[in-house]
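Trainee: Spelled out, the chains give:
Number of protein chains: 2
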Amino acid sequence: MKRITARPETAHQAALLRLLRDRAWSRAELGDVVDLSRSKLNFEIDRLIELNLAEQAGLAASRGGRRSGMVRLAGSLRFTGIDIGATSIDVAVTDGELKILGHVSEPCDVRDGPVIVLNQAMEMVGKLRDQGYFTQLHGAGIGVPGPVSFREGMPVAPPLMPGWDRYPVRETVGQELGCPAAVDNDVNIMALGELHAGLAKQVDDFLFVKIGTGIGCGIVVDGKIYRGVSGSAGDIGHIRVDDQGPTCACGNVGCLEAYFGGAALAREATAIAGRSPYLGERLRRTGTLTGEDVAAAAEMGDAEAVRLIRDGGRRVGMVLAGLVSFFNPGLVIIAGGVAKLGHVLLAEIRSVVYRRSLPLATGNLPIVLSELGADAGVIGAARLSSDHVFSAP
Amino acid sequence: MKRITARPETAHQAALLRLLRDRAWSRAELGDVVDLSRSKLNFEIDRLIELNLAEQAGLAASRGGRRSGMVRLAGSLRFTGIDIGATSIDVAVTDGELKILGHVSEPCDVRDGPVIVLNQAMEMVGKLRDQGYFTQLHGAGIGVPGPVSFREGMPVAPPLMPGWDRYPVRETVGQELGCPAAVDNDVNIMALGELHAGLAKQVDDFLFVKIGTGIGCGIVVDGKIYRGVSGSAGDIGHIRVDDQGPTCACGNVGCLEAYFGGAALAREATAIAGRSPYLGERLRRTGTLTGEDVAAAAEMGDAEAVRLIRDGGRRVGMVLAGLVSFFNPGLVIIAGGVAKLGHVLLAEIRSVVYRRSLPLATGNLPIVLSELGADAGVIGAARLSSDHVFSAP
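Chains A and Y, in that order, are what the protein sequence lines are.
The opening residue of the first sequence carries number 1 in our numbering; numbering runs sequentially from there.
The opening residue of the second sequence carries number 1 in our numbering; numbering runs sequentially from there.
No lab work stands behind these hints: they were computed from the structure.
Please note that the accuracy of each hint is not assured.
Remember, identical chains collapse to one label, so a pair may be satisfied in a single copy or spanning two.
What the hints assert, rightly or not - Calculated pairs, SDA-like style, for lysine to any residue (alpha carbon to alpha carbon, straight line, at most 25 Å):
hint, residue 1, residue 2
1, Lys224, Phe150
2, Lys224, Asp387
3, Lys224, Val34
4, Lys224, Gly330
Put together the whole structure using the sequences plus the hints.
Mentor: What follows is the structure, encoded as structure tokens:
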């Protein structure tokens with residue numbers, strides 16, 4: 001029978017664990033930032049050590065007087081981050097500070113449904129256990145490529161995930177791994193990854209825009225994911241670009257995704273294949289084109305592909321310009337398959353946002369490409385789990 | 001010499017005062033919701049009573065055992081809310097629960113600059129003192145019709161307020177009234193008014209859209225105003241409606257304000273005056289037309305005026321539809337001079353938002369007209385002040 005892993009017993013213990021997640025602290029330093037008497041603070045720290053959540057780490061440098069004891073998260077803490085994409089699964093195991101210890105990636109098809117896909121994910125977690133990365137997990141975070149009811153821990157009417165509607169992902173994974181679990185959509189967990197370990201580390205309020213099969217946005221307010229009242233915040237793919245556009249899968253015309261989502265890009269690529277040597281050749285060989293083919297063509301300097309990307313970037317920029325005026329973020333990060341299109345795309349987005357948003361909102365606003373790549377998802381999923389476990393009981 | 005009014009000494013005292021702002025509580029009930037031992041709680045409450053911030057209010061109904069003492073905010077607490085508009089000043093004095101005790105309203109011209117306008121506001125506060133509504137104020141909140149650096153307590157490059165740029169409004173008012181002061185823009189304070197006493201009372205995340213000379217939006221996240229990293233969040237007047245529109249004062253084309261701000265509405269009204277009996281007559285008499293004339297004409301059933309309002313409402317709806325998909329609010333409130341256009345405007349906005357936003361975001365989304373009117377500004381300004389004074393030291 002598995003041992004039950006400890007969780008913080010009080011709000012103070014949870015707050016201490018969140019501080020220790022960033023680095024080791026001396027007891028004296030902790031006393032400076034938490035609102036507890038010295039004896040109560042030492043009691044809570046000692047209790048965290050008893051619970052195997054924290055451990056002593058020698059003595060701090062002297063601040064005058066007796067040297068204070070250092071405390072850090074227990075070296076035995078382990079979280080897993082599971083990032084389920086439309087066509088792949090990434091699983092990582094991290095320590096308490098959410099540094100990746102082991103990471104495996106496998107192809108999958110999310111349309112095979114939750115039983116097959118979650119079984120594969122559990123086997124991948126098992127491989128990491130067999131490789132010695134953990135014996136017991138303290139928490140698991142899962143990202144899925146569709147809308148999620150965060151409170152209920154399940155996907156809700158996800159368009160790309162047949163069979164997953166209201167499937168109890170959180171409950172299933174929690175029972176299977178014997179630890180607390182949390183589920184969110186892939187864009188939110190990638191935003192959390194950027195917050196924890198990426199370009200947004202020092203930024204409280206930022207937007208994370210993922211351009212892939214769909215187009216979505218993670219919104220971080222005051223260092224926390226903002227999900228909106230029904231959990232759909234950040235769903236920007238169906239914001240109107242103009243009234244005379246292609247018809248979108250949602251039934252409206254002129255949505256951003258109808259211009260620059262994965263399906264739209266594949267359609268446009270096929271339409272220009274006659275004028276593009278690279279895409280034409282590729283279409284003859286494989287019979288179909290994807291957004292990634294457009295990226296590859298653009299990288300090789302194919303003028304028609306570059307034009308497609310510029311047009312798409314301009315439209316993403318138009319939507320983002322409005323959101324930047326509205327939200328006044330401290331940073332915008334662009335990521336996702338299409339973001340591999342890189343600097344052509346970024347230049348176009350920047351040019352529109354800097355021209356069309358309020359000067360006060362763009363004065364100090366960096367717009368950058370994500371640097372974390374596939375790590376953003378797994379680190380973010382581990383962070384989601386850690387936030388959940390290190391929260392007040 | 002004036003007596004210095006007390007402020008809470010600890011974060012716990014501040015939290016207790018914020019609870020007491022909503023209603024009277026028994027000590028037992030407070031013990032259920034705050035994370036304090038019984039003796040520490042009683043110590044903090046007794047201290048608030050000593051400081052003349054709270055007072056005893058008899059005994060609570062029995063919950064079994066000894067009856068618990070009721071506590072409420074001190075009856076002597078007084079805040080003032082000062083709402084400076086482009087052409088009027090509203091000043092109110094409230095009690096600690098922010099109920100309006102006295103309210104005066106006077107015309108003014110904000111372009112006369114801060115010395116003349118703030119002097120007039122101070123005289124209006126003096127009138128309320130002379131009428132016996134207070135002897136000493138515990139805090140003052142001020143709203144102004146332009147962008148504000150909330151941290152610095154001053155307007156920053158406000159387009160409609162010549163002479164006010166970086167004028168130390170918070171410092172001046174605080175010194176003049178001998179109490180802590182706080183300053184924000186008019187849209188944010190009206191949103192706070194709705195949060196405290198209006199339709200948003202039970203709503204944590206909502207948008208407050210003011211359509212007047214300019215078009216702005218107050219954003220409330222988790223019961224607090226979200227201001228963005230440089231304080232410009234909610235400035236939606238320059239979001240692009242389309243690429244072939246009128247040129248805006250900001251230099252871009254097709255901004256929302258270029259279609260439906262006060263100046264645009266006046267221009268359009270003049271253009272259609274030949275086809276509109278009411279507007280034509282009004283233009284002959286006064287030589288100029290305003291948005292309020294359009295409202296009056298529409299109310300009388302003038303077809304051309306109604307068409308103007310419908311067109312404007314449709315464009316506000318297009319912008320709002322995107323913001324609703326992005327932000328997934330629990331409520332949208334429409335207010336401001338043009339909002340007096342009422343139900344024609346509201347119907348048009350609703351129709352576009354409900355059609356163009358994500359179904360998940362609009363499923364339970366009410367879009368309503370403000371019911372507070374001029375009270376929203378003064379109550380919100382008092383609330384801003386109360387939030388400031390009842391915050392951790």
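Trainee: Decide, hint by hint, whether the structure agrees.
Mentor: Results of checking the hints against the structure:
Within a single copy, Lys224 and Phe150 get their C-alpha atoms as close as 14 Å, and across copies as close as 22 Å, so both meet the 25 Å cut-off. In this assembly of identical chains, the alpha carbons of Lys224 and Asp387 lie at most 25 Å apart whether taken from the same copy (10 Å) or from different copies (22 Å). For a Cα distance limit of 25 Å, the shortest separation of Lys224 from Val34 qualifies both inside one copy, at 20 Å, and across copies, at 23 Å. In the homo-oligomer, the alpha carbons of Lys224 and Gly330 lie at most 25 Å apart both inside one protomer (14 Å) and across protomers (19 Å), since each shortest distance falls under that limit.
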